[in-house]
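So the protein sequences, as listed, match chains A and B. Heads up, our numbering is the position in the first sequence plus 15, with the first residue counted as 1. FYI, our numbering numbers position 10 of the second sequence as -5, with every residue one higher than the one before it.
Computed from the model, here is a short list of chain A residues facing chain B with C-beta under 7 Å:
{"id": "1", "residue": "Asn46"}
{"id": "2", "residue": "Gly56"}
{"id": "3", "residue": "Gly115"}
{"id": "4", "residue": "Phe118"}
{"id": "5", "residue": "Gly121"}
Quick list of the computed label-pair ranges, beta carbon to beta carbon:
{"id": "6", "chain 1": "A", "residue 1": "Gln29", "chain 2": "B", "residue 2": "Gln14", "range": "44 to 50 Å"}
{"id": "7", "chain 1": "A", "residue 1": "Tyr84", "chain 2": "B", "residue 2": "Ser0", "range": "42 to 48 Å"}
{"id": "8", "chain 1": "A", "residue 1": "Glu82", "chain 2": "B", "residue 2": "Cys(-2)", "range": "45 to 51 Å"}
{"id": "9", "chain 1": "A", "residue 1": "Pro54", "chain 2": "B", "residue 2": "Lys5", "range": "22 to 28 Å"}
{"id": "10", "chain 1": "A", "residue 1": "Ser66", "chain 2": "B", "residue 2": "Glu72", "range": "36 to 42 Å"}
Keep in mind that the hints were calculated from the coordinates and are not lab data. Positions of the beta carbon are idealized from the N, C-alpha and C atoms, including for glycine.
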Amino acid sequence: GIQVEQSPPDLILQEGANSTLRCNFSDSVNNLQWFHQNPWGQLINLFYIPSGTKQNGRLSATTVATERYSLLYISSSQTTDSGVYFCAVSPRYSGGGADGLTFGKGTHLIIQP
Amino acid sequence: GAVVSQHPSRVICKSGTSVKIECRSLDFQATTMFWYRQFPKKSLMLMATSNEGSKATYEQGVEKDKFLINHASLTLSTLTVTSAHPEDSSFYICSASGLWGSSYEQYFGPGTRLTVT
Chain A
16 GIQVEQSPPD LILQEGANST LRCNFSDSVN NLQWFHQNPW GQLINLFYIP
66 SGTKQNGRLS ATTVATERYS LLYISSSQTT DSGVYFCAVS PRYSGGGADG
116 LTFGKGTHLI IQP
Chain B
-14 GAVVSQHPSR VICKSGTSVK IECRSLDFQA TTMFWYRQFP KKSLMLMATS
36 NEGSKATYEQ GVEKDKFLIN HASLTLSTLT VTSAHPEDSS FYICSASGLW
86 GSSYEQYFGP GTRLTVT
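Only chain B is shown next, with the shape it has when bound in the complex:
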């Protein structure tokens, strides 16, 4: 299957600072990348959808000025959490979908655990 990586896998930052998370598709070109958030013992929630070279589409209730998404190439998307607060602490997971013909299958990265102190 297709491989998606995330970096870093774990990050601790102080309240008020910004953190950047990278999502890369290693062996395919990702026409669309997605960012999800998961709280402990909960399900995943879609935050935003990004297509290469265009602005991300954010889900209702997700602050676009707090969660900046850049999809500069067909293999890289970044999520920057700006002015982080303890309530932003969560598990952030990206996924990517490629040109699979008629399939819309998504492949997920291993996730990034963010702790804001």
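Chain A extracted, bound-state conformation:
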């Protein structure tokens, strides 16, 4: 099946710093999503971005589908940004419809005050 690798696995930053999280995937995708998992386990949708660039406030994401990677940028980090960030993909099949997601192992981000 499709492989998803996230880097770095852990990241510790001071408040106000910028960060870049990377997601590499091994095959063409029709779905790529970035999530933030809060301390209670809820997955919060950040971006649906199988290709292109999107921005939402201090967060932005870019997926270069032809090179099979995606980047999540967090600017001016705040302590509330701490948590685990997951990248998840589903491969592009010939059929239509949604398919289950394959998750990377996540990046554990700690923002220190």
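Use these hints to put chain B onto chain A, whose structure you have.
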């Protein structure tokens, strides 16, 4: 964004009993629902995919007779863990995808923490 709920949020049961977990899409019709499992400090693993009115498709290694999935309507899917054992203790999370045009975005429920004693 779309809202997905799960019930219960936390359940403790005795070994050998069965537990049912509900997943509902509150403000949209879910053409497809998914069930995932997450162990502590680990990533999420897809267990099964269900479409309304048809049998679920299970991932390799997931016992379909142990994890019964029913998707009776476009807003409700249930996961029943039958004859639960301590190794079934885990965090179970559902997701749902609707008719978003060309988008396949999934929205996740808050999860159910199952402890089998």
